[in-house]
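Asks: Kindly generate the complete structure, drawing on both the sequences and the hints.
From first to last, the protein sequence lines stand for chains E and G.
In terms of this note's numbering, the first sequence opens at residue 4 and continues consecutively.
In terms of this note's numbering, the second sequence opens at residue 4 and continues consecutively.
Quick caveat, the hints were computed from the structure, so don't treat them as lab data.
Wrong hints could be hidden among the right ones.
For chains that are exact copies, the list does not tell them apart, and a pair is met inside one copy or across any two.
[Unchecked claim] With a straight-line cut-off of 30 Å between C-alpha atoms, the simulated DSSO-like cross-links for lysine-lysine are: (1) K410 x K481; (2) K598 x K707; (3) K440 x K481; (4) K200 x K149; (5) K339 x K479; (6) K625 x K682; (7) K266 x K115.
Keep in mind that this is a model prediction, so the values were computed, not measured.
2 protein chains.
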Amino acid sequence: MTKTGLGILLALPMLATSAYAYRTASPNGAVVASFNLENGVPTYSVDYKGSKVILPSRMGFQLAATDDLTDGFSVIGVDSCSFSETWHPVWGENSDICNNYNEFVAKLRQDKTGRRMDVRFRVYDDGVGFRYEFPQEEPFNFFILKDERTEFAMPGDLTAWWIPGDYDTQEYEYNESRLSQIREIYPKAVAVNLNQKHPFSPTGVQTSLQMKTDDGIYINLHEAALVNYSCMHLNLDDNNFVFTSWLTPDADGNKGYLQTPCKSPWRTVMVSDDARDMLASNLILNLNEPCKYADTSWIQPVKYVGVWWEMIGHGKPWAYTFDVPSVDLDRTDYTKVKPNGLHPANNANVMRYIDFAAEHGFDQVLVEGWNIGWEDCTGVKKDYMFDFVTPYPDFDIAMLSDYARSKGVRLMMHHETSSSVRNYERHMQAAYDLMDKYGYNAVKSGYVANIIPAGEHHFGQWMNNHYLYAVTEAAKHKIMVNAHEAVRPTGLCRTYPNMIGNESARGTEFEAFGGNTPTHTCVLPFTRLQGGPMDYTPGIFENDLSKNNPNNHSHVNTTICRQLALYVTMYSPLQMAADVPEVYDRYMDAFQFIKDVAVDWDKSIYLEAEPARYITAARKAKGKDEWYVGGITGYEGRKTDVKLDFLDPGRTYEATIYADAPDAHYLTNPQAYRITRRKVNSKTSLKMSIAPGGGFAISIKPVK
Amino acid sequence: MTKTGLGILLALPMLATSAYAYRTASPNGAVVASFNLENGVPTYSVDYKGSKVILPSRMGFQLAATDDLTDGFSVIGVDSCSFSETWHPVWGENSDICNNYNEFVAKLRQDKTGRRMDVRFRVYDDGVGFRYEFPQEEPFNFFILKDERTEFAMPGDLTAWWIPGDYDTQEYEYNESRLSQIREIYPKAVAVNLNQKHPFSPTGVQTSLQMKTDDGIYINLHEAALVNYSCMHLNLDDNNFVFTSWLTPDADGNKGYLQTPCKSPWRTVMVSDDARDMLASNLILNLNEPCKYADTSWIQPVKYVGVWWEMIGHGKPWAYTFDVPSVDLDRTDYTKVKPNGLHPANNANVMRYIDFAAEHGFDQVLVEGWNIGWEDCTGVKKDYMFDFVTPYPDFDIAMLSDYARSKGVRLMMHHETSSSVRNYERHMQAAYDLMDKYGYNAVKSGYVANIIPAGEHHFGQWMNNHYLYAVTEAAKHKIMVNAHEAVRPTGLCRTYPNMIGNESARGTEFEAFGGNTPTHTCVLPFTRLQGGPMDYTPGIFENDLSKNNPNNHSHVNTTICRQLALYVTMYSPLQMAADVPEVYDRYMDAFQFIKDVAVDWDKSIYLEAEPARYITAARKAKGKDEWYVGGITGYEGRKTDVKLDFLDPGRTYEATIYADAPDAHYLTNPQAYRITRRKVNSKTSLKMSIAPGGGFAISIKPVK
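Replies: Okay, here's the thing in structure tokens:
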């Protein structure tokens, strides 16, 4: 890391003033953040290449009904500096990340209360981050947020790709509409069957929120470094197109318990006139703290298969028996119940997955349903639902972990908490100890159902504290964590890189719960993926779920080639091949791409992008001379030229091209593909034809 | 244990019937419990020697607005049996406890739903316990209680000794009134300054509730074996004098999450025409399960002194420094702050207490304020307030525990949780490990302030689960637990005898917060102590708190002799001498009684008792030939003859009598006492004169 920061203290005309203005431009001048204090009221705005991106917007907090931190301020000092460094993530889309910004801090004091509240801006060429900082200055020690009052005044009736704001789930389908249409669409948007659901306002939306102006400027609102604070949603004043932050409350309706010195997460505004910059931006990561672990050698990207789609897609049970009306972990004797004979997390089946993983070069085998307690539905508000350490009788953890080791693969742990959070924490050390004992180094955790105790929400401060606790405790065991249903990430994987994945959005599982739209994965990289990787679990090759489960009439709304493309377009250091081995056996030629594709990268280039329409990405495998290209489209078929000018000039490569067949279609003919090989170089342009709901994947290796 | 139980299955006239009646008498016939089912509605009633104690009262539960478990039942079977055993508590008022009852179970089915709900009655000579049992019978597996609908229809406008029902505190003063007067008195009763307070109804009261009929029948309502359920309060219909159970809710307003098979705590009705029987009853203990620990050798009664009254009574700080505006446990460097110089939990002072304890034969020395974090008030809703393992710089835990050991005493641990429950559980194992390392075997824990997370209450199911978890985890370390501000006990100390004490009522500390009334300790044995011992911390000899803290004008409302008497009248295996050594040095002759008095007993006899008026108890020290007698009165002075007919006939003993001086008075002359010695035998009757707010104490040892 090269730190070239320069601190400059600007002298103010007066010691304290209630009127003040300051503009900070990004290093290349494209982005300008302005801070204003007028009559004691702080506001900010953002411009991009001379266009208004965020109109003057108020800042601050509501502390109680008649007590706010939104006005009555004086500026008592300012700081500014420039900063540039290149840092190297443990894993990522690029091995080098440039962090280059100009910074400005306005030091504010609320005169009537003496409270201090500073606002810090970092202005990048692709956007702005700002946050609130509360110095420890008496008498402002402990305070409670009724809400945050940060506004984002949008420059008109923008097009947005949004999901409803919700305290407990992010598993909605995206909606594309004008801001003015949100209220109208909202009732339908929330009228979906989700495990836990708590929407709060007919104009409430979640971040990351991707928008676009009629002039073709892309604006994205999100947050970075969400630590010891509640998750921010946005509530729209749809007369004026002004969003206001809306934090996640606790049972008392309080939205944050803070102690000075402290700081809010960063509020982020990414902006560009090129949609590809939205995907390529490292702004969220850059705003997070550097890695806190001295040793990161134990953190490795993971490609895995698992005992999972058999349950999700094929309707098999997590549970071992149907013989008990409910389970008492202290009393139920599983050795005496009748097995249901369907439970896939059994020795023979897990060995089959281990064999498959070993044969095809996968690192790990996830096994869900290995531990006792699954007979009870996760929605029953049962406190002691799992102990996280006791296998079912048909899962011989010692034998299976030995067998996996002998084959050069690992088992991946699964901890469904059923959102009984205290119970999970009570068993967490024993659970991690068990993983140590049997050589597990990664856990997929889950937070299905409403939080126990009642009143807490998945995205509140108390739970956010828990998710990070689970990650930092895991780090003491050199364990990587992939939490599902947890709060959506905000770049914390930079600081805690054993946070190797998250779900926190509508994943592939919903292809088995009625299906995802073909646009869904064309939106996710613009929104959910801004904060960190998603364990989307692509790789489903069999679209007709009724073949394995007559009761399931869901159709997987993608072509096989699109499934391949997702390994490139949906960046993650954790990638699953989610379908079952016997399906891959039928399509081994296509499966080869999943076997080949890297999960860690030296370089990533977004060749084309438009929200909900198309994304094409090219990535160079880390430490290798190989490139992988993926392209997807939405409902509409598409033709595109993929220019390979990212290849080393003068060298010859062999490209293996996995393309939708001419008659492919995500609904009617999803399994039609063609695989071709050809020599390519940096001057090659590949003419690709993508089916509706389709995609393509290309692996490129140098000719030896 | 001799089990002489006899199970009898009574044949019913029909297989299932919606009309049914059954009466069960106690072994001596004095108490009769009746169960009735009429038109599918279950009711019960209780008679005592032919008088109505509980009029026909409904039973059952509300599950949802339109779903109840109160009617539509049929009796599908009955069971009855008689049971008698004598068991031996690990510690207690008596070394032998007789558990003798007749039992009746009505097996009910709600016809429209198929749900099973059985009601089990145990009828003792001193009262009745009944509970609900839910067999595991599909589809009734998991259910949520909106409330319990158990009625207690009282036979008139009884006199009651009550405190307001409250979800978070029991630290109220008792009120004496007719049931009809509760509503009128209630506003004043709740208008007191308590740390956490959450009353819920103007006729809501807590249990144990002591009442008395105009005919001189004493009736006490409480519960036994409160496990995985929320604490029961009672809400009065003051037109009809019918109490209905009112459980403690969670943030959703739900009052219980249950899974079949399960059972409610016992609802208890103690009854006698002799007030002494209320105090002597073992009904609550008998209704609890036998001890669950195979080895109990590590559980020992404890007499202790401690660094405590210096803070409570003298105004010294728990905190080490005044030099920080607030504490961050990860960042605050206590080695660099300025000590306040007042902090009593310092090496020199603790050594002084250790010396004092060793010299006077005390087992342990409690030290509050030993660990970092106390600079922040417990009311600030700070999640990570304490780590429970890091001492202040002036508390050398290794040196002090060595020093204590060298003197034959132990340090007693203190864990104030500030009600940040998850934080306590996160650190619990490390905290218990630290205790193991330094030879602590008892912890006083505290739950000051509102529960974190918000929405949970001190007496709800989630917290009750926590308190028991703390006790059972402690048992794994052979640690005894004395939790303050936890739910009031319900006899669980029989099952988990390392639950050696609780506060759960207004303790001696309130003598320093404005004072307790002289009647208070004449009520507590009838109410709070029914469920288990209280760490009341008597022994305050200096009534004028302004002597040590000019800002504190509280007066301790008892005479010195009454303080001595409390060691006998307030049974506890955990007894503190709460005043400071320098005060005891001034009254060493009176202090001798505290040194002598036992904390474990072979036999206890209540010689006289009337709620809020007087209590006289005699107890024989466990395994010794010594008796201790204590007597207290209320506001009024009193003369009484103490007949020593409990002594072995024909033997001569020496009695040391600690009596209020003739001019003693709790307000004007509290420190006036006389100590006399005389020979006594079983025919002796001692004429005792008790000052207003006074008491007496007698130690009786055989003449050798």
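Asks: For each hint, tell me whether it holds in the structure or not.
Replies: Here is how each hint holds up against the structure:
no.: 1; hint: K410 x K481; result: within (22 Å within a copy, 45 Å between copies)
no.: 2; hint: K598 x K707; result: within (20 Å within a copy, 93 Å between copies)
no.: 3; hint: K440 x K481; result: both (12 Å within a copy, 27 Å between copies)
no.: 4; hint: K200 x K149; result: both (22 Å within a copy, 22 Å between copies)
no.: 5; hint: K339 x K479; result: between (37 Å within a copy, 29 Å between copies)
no.: 6; hint: K625 x K682; result: within (22 Å within a copy, 95 Å between copies)
no.: 7; hint: K266 x K115; result: within (22 Å within a copy, 57 Å between copies)
Violated hints are absent here; each numbered hint is respected by the structure.
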